[in-house]
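Trainee: Let chain A serve as the given structure and place chain B on it in line with the hints.
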Amino acid sequence: MALVTAATILLGTLGLRFSRTTSDFYVASRSAGRLSNASAIGGEYLSAASFLGVAGLVLAYGVDMLWYPVGWTAGYLVLLTLVAAPLRRSGAYTLPDFAEVRLESLPVRRLASAFVILISWLYLIPQLQGAGLTLQVIAGAPEWVGIVLVGVVVLLNVLSGGMRSITFVQAFQYWLKLTALFVPLLFLLAAWRGNEPDAGRAALHDPNWLLPLQSQPHALYLTYSIIAATFLGTMGLPHVVLRFYTNPDGTAARRTTLLVLCLLGFFYLMPALYGVLGRMYASDLARSGRFDTVVLVLPGRLLGEGADLLGALLAAGAFAAFLSTSSGLTVAVAGVVSQDILGGRIRGVRAFRIATALGVAVALLLALASRVISVASTVGWAFAIAASTFCPLLILGIWWPRLTGVGAAAGLVVGGLASGTAVALTMIDAGRGGWLGALLTEPAAWSVPLAFATMIVGSLLSAHRVPANVARTMVRLHTPESLDVDRGSWHPERRVSPS
Amino acid sequence: MTQSPPRRVRITSPRTGVRRSHPVVVAHEINEQTQLGEVYMRSLVRSQLRLAVVVLTTLGLFVAGLPLAFHFAPSLAEIEVMGIPVPWLVLGFVVYPAFVCIGWVYVRHAERNESRFAELAEVSPDPIDKRYRE
Numbered sequence: 031m032a033l034v035t036a037a038t039i040l041l042g043t044l045g046l047r048f049s050r051t052t053s054d055f056y057v058a059s060r061s062a063g064r065l066s067n068a069s070a071i072g073g074e075y076l077s078a079a080s081f082l083g084v085a086g087l088v089l090a091y092g093v094d095m096l097w098y099p100v101g102w103t104a105g106y107l108v109l110l111t112l113v114a115a116p117l118r119r120s121g122a123y124t125l126p127d128f129a130e131v132r133l134e135s136l137p138v139r140r141l142a143s144a145f146v147i148l149i150s151w152l153y154l155i156p157q158l159q160g161a162g163l164t165l166q167v168i169a170g171a172p173e174w175v176g177i178v179l180v181g182v183v184v185l186l187n188v189l190s191g192g193m194r195s196i197t198f199v200q201a202f203q204y205w206l207k208l209t210a211l212f213v214p215l216l217f218l219l220a221a222w223r224g225n226e227p228d229a230g231r232a233a234l235h236d237p238n239w240l241l242p243l244q245s246q247p248h249a250l251y252l253t254y255s256i257i258a259a260t261f262l263g264t265m266g267l268p269h270v271v272l273r274f275y276t277n278p279d280g281t282a283a284r285r286t287t288l289l290v291l292c293l294l295g296f297f298y299l300m301p302a303l304y305g306v307l308g309r310m311y312a313s314d315l316a317r318s319g320r321f322d323t324v325v326l327v328l329p330g331r332l333l334g335e336g337a338d339l340l341g342a343l344l345a346a347g348a349f350a351a352f353l354s355t356s357s358g359l360t361v362a363v364a365g366v367v368s369q370d371i372l373g374g375r376i377r378g379v380r381a382f383r384i385a386t387a388l389g390v391a392v393a394l395l396l397a398l399a400s401r402v403i404s405v406a407s408t409v410g411w412a413f414a415i416a417a418s419t420f421c422p423l424l425i426l427g428i429w430w431p432r433l434t435g436v437g438a439a440a441g442l443v444v445g446g447l448a449s450g451t452a453v454a455l456t457m458i459d460a461g462r463g464g465w466l467g468a469l470l471t472e473p474a475a476w477s478v479p480l481a482f483a484t485m486i487v488g489s490l491l492s493a494h495r496v497p498a499n500v501a502r503t504m505v506r507l508h509t510p511e512s513l514d515v516d517r518g519s520w521h522p523e524r525r526v527s528p529s
Numbered sequence: 014m015t016q017s018p019p020r021r022v023r024i025t026s027p028r029t030g031v032r033r034s035h036p037v038v039v040a041h042e043i044n045e046q047t048q049l050g051e052v053y054m055r056s057l058v059r060s061q062l063r064l065a066v067v068v069l070t071t072l073g074l075f076v077a078g079l080p081l082a083f084h085f086a087p088s089l090a091e092i093e094v095m096g097i098p099v100p101w102l103v104l105g106f107v108v109y110p111a112f113v114c115i116g117w118v119y120v121r122h123a124e125r126n127e128s129r130f131a132e133l134a135e136v137s138p139d140p141i142d143k144r145y146r147e
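Chains as they are written, first to last, in this note's numbering: chain A, 31 to 529; chain B, 14 to 147.
Just so you know, the hints here were simulated from the structure itself, not pulled from any lab data. Worth double-checking, as some hints may not be accurate.
To be verified - According to the in silico footprint, chain B covers these stretches of chain A (three or more CB under 8 Å from chain B):
no., stretch
1, 162-175
2, 221-229
3, 358-366
To be verified - Computed list of chain A residues with no C-beta within reach of chain B, every gap over 12 Å:
no., residue
4, 113
5, 243
6, 280
7, 281
8, 303
9, 337
10, 378
11, 398
12, 467
Stated by the list, open to error - Between beta-carbon pairs, the in silico distance windows are:
no., chain 1, residue 1, chain 2, residue 2, range
13, A, 378, B, 114, 38 to 46 Å
14, B, 78, A, 212, 47 to 55 Å
15, A, 231, B, 102, 17 to 25 Å
Only a predicted model underlies this, so the values are computations on that prediction, with no experimental measurement involved. Note that beta-carbon positions come from the ideal geometry of N, C-alpha and C, so glycine has one too.
Chain B on its own, in the form it takes in the complex:
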């Protein structure tokens, strides 16, 4: 990002409101590494990173919190469900379907982020937007 300053692009087309014949405009901005292109890229990367952080925080609280819980509340580890102590039940069984669920939620959201970005990038920017930038 510390390359030579991005080239300024002046939008001069008078055809506001007319759909361009070649619709890949934001993709063009990304290719030319204009400020607009960078804004789009940053928004994509940030939305994916935010999603990952939320998912991993959930994982951290749910799983990585367990040893601390057992450390500070040892009585927790002595509870039995159906004759099986809770730590065995959780670490031996419950975590695995939980991982799959967390992973499934993540994949759905990550794909949604990407398809939104692809939609944005494949249509020309809003004509009003364009006028705004002139």
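The following block holds chain A by itself, in its conformation from the complex:
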């Protein structure tokens, strides 16, 4: 584990030598190779929720929870078909940039910035708390130690190298996570060899766990809500979107996304197996509510004393997950804060550094203050909010020329308030049980259509306020780069200051 931290910092510092301009910091000057770029996307995306959370949820709730990894992968397929190439061609660095270039409206830009920050922080909390949990399991340290440790490492890393170093670091993290899950799995399967203890076999054949739609009331609704949040939320995650600008052009963005689909698909074969093994050997974790630790606990349960090395490898992978996702989110938050909040007064690299420190500090405080909920469900809420805000903004913005700034703003507010309120109520444990509880814990199935409807109706009602240059913007978003046409002059680094 110390090794990962050391390697992350090392790679981060190496990147410092290359980073020169603001553009370097934001998007690594778009010079990363395809496999390293795809690995970096995968490395950043596979968070604590994928590494620890999925196995834990599968252990506790069974087959229905497989929809999380399925949806997190399918989200990239949706992103590939509807968003990848046009988003890259838009030339924007961040989601607020996209809002500005397409809608030509500063208020919408600011609204988008607010949601980027909100979603990033919500996503950062479980990463940091997962680190606390991991360090508690493997070293018996109090929870805050892991939280602060990851926070500080991420801060140093992002401060020293910006996005360029992060691309190297993230690519490395994907392969590290893959190895960290794969090698112990081989040993675990060899130790199991089809002979589980009788109690494990009984736990496995519990129909509520084994069969779909049995694990909880309103399972059909909850499943579809998970599908809506994950399939549509991926495209709206700030750290995912930021990574797309590192592709040289729209065609490359598509091919990279396809490669990401391969990498994710391969990775997600494994957490489910950990969950099933956990059901056989560690089903007590479900009862005690500490199911997020199953991946870390399993080597000890199956292999006894000789498993220390495998446990260390798994912990290293888990830390790779916390560090990589947190770094990506921090870059996203810092980009938005430095451009849209500090942009008027402080500029360039200095603004980016101040914004980074600010972003990490707030996330640390939130992670220390809030109670630990399941890692995967907290991440699931970030997906639900992203699906209810940025998904309609991107899809309608790219494919529907009649989307107006007014409509987009209304949709962002309505979708964000609806999903955000539902999440907040669930976090403080209000409205539990029954239909209302189901609607609040997984809001995406109703909040996403609501956001779409609001954007469409709002745009039709304000049809006279269609952005002036929308035709040029459509050319910019959709024509291949090989074609020599006028795409307008907007550039994220030459934009008018928002203040």
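Mentor: This is chain B only, laid out in the frame that chain A set:
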């Protein structure tokens, strides 16, 4: 698209059948936002959108239809292949290569749409067409 009405362009060149010395004519129409340029743009956007909708419908039927299938035909979920229940097999394994295949088909078609559009846009419009518009 609700900008000032696109400027009308009268084509007066008598050199029908003669290839222009600067071949980027449709690109010019797109730049000037003429009706012809808009028709080209709309056809590109529509062909890409149609492709995306077809791909996502496939995804929707194949994957998003599963919970409904398990809901209305619970016996489906109890079938086992090689000792593994079908829902586990599908959601734990089969979907991932399927996603990659769907994605690969999409990328191929999307690139083909674009190269067709680029070919169209980089040569001058058909001379007959031009006469037609005069």
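Trainee: Work down the list of hints and note, for each, if the structure agrees.
Mentor: Here is what the structure says about each hint:
1. 162-175: Result for this restraint: violated, n = 0.
2. 221-229: violated (count 0)
3. 358-366: violated (count 0)
4. 113: For residue 113 of chain A, whose nearest Cβ neighbour in chain B is about 10 Å away, the distance does not exceed 12 Å, so it is violated.
5. 243: The claim breaks: residue 243 of chain A does not keep its Cβ more than 12 Å from every Cβ of chain B (closest is about 6 Å).
6. 280: violated (8 Å)
7. 281: violated (6 Å)
8. 303: violated (8 Å)
9. 337: holds (25 Å)
10. 378: At roughly 34 Å from the nearest Cβ of chain B, residue 378 of chain A sits farther out than 12 Å, so the non-interface label holds.
11. 398: holds (36 Å)
12. 467: At roughly 19 Å from the nearest Cβ of chain B, residue 467 of chain A sits farther out than 12 Å, so the non-interface label holds.
13. A:378 / B:114: 38 to 46 Å: The hint (38 to 46 Å, Cβ to Cβ) holds, given that residue 378 of chain A and residue 114 of chain B are roughly 45 Å apart.
14. B:78 / A:212: 47 to 55 Å: violated (32 Å)
15. A:231 / B:102: 17 to 25 Å: Given about 19 Å between the Cβ atoms, the range holds.
In this structure, the hints that do not hold are numbers 1, 2, 3, 4, 5, 6, 7, 8 and 14, in rising order.
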